[in-house]
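Student: Under our numbering, the first residue of the sequence shown is numbered 190, with each subsequent residue one higher.
There's no promise every hint is true.
Claimed, not checked - Quick list of simulated restraints, FRET-style, between CB atoms: (1) 235 / 257: 17 to 25 Å; (2) 265 / 215: 23 to 31 Å; (3) 265 / 211: 24 to 32 Å; (4) 246 / 199: 13 to 21 Å.
Don't read these hints as lab results, they were simulated from the structure.
For each residue, glycine too, the CB sits at the ideal point set by N, CA and C.
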Amino acid sequence: MEKTLAELKKGEKGTITTICTEQLPLKLIEMGCLPGSEVTLLQTAPFSCPLYLNINDSYLAIRRTMAEKINIKISTTYTN
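From just these sequences and the hints, can you work out the full model?
Tutor: Structure, rendered in structure tokens:
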């Protein structure tokens, strides 16, 4: 199932399939936001922004607007 990173629910895991490199800051790409990277949504801040993620065992917080530019394929869902 394809989604954007912004559509993940807490605990869901996926693999980045495509990114819009023209609209993402270079720093995010350097920190591991690349196709093939595994990502897990750990937490969302109040009002759903920013998103706290684990990408390839690195922790990262990004804005929802940036997360909308990253497509992922869902691999597992964690239920609490």
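Student: Next, verify each hint and record whether it holds.
Tutor: Now the hints, each set against the structure:
1. 235 / 257: 17 to 25 Å: This hint holds: roughly 19 Å between Cβ atoms.
2. 265 / 215: 23 to 31 Å: Roughly 30 Å apart at Cβ, these two residues keep to the hinted range, so it holds.
3. 265 / 211: 24 to 32 Å: Holds: the Cβ-Cβ distance is about 30 Å, inside 24 to 32 Å.
4. 246 / 199: 13 to 21 Å: At 18 Å between Cβs, range holds.
Checked against the numbered hints given earlier, the structure satisfies every one of them.
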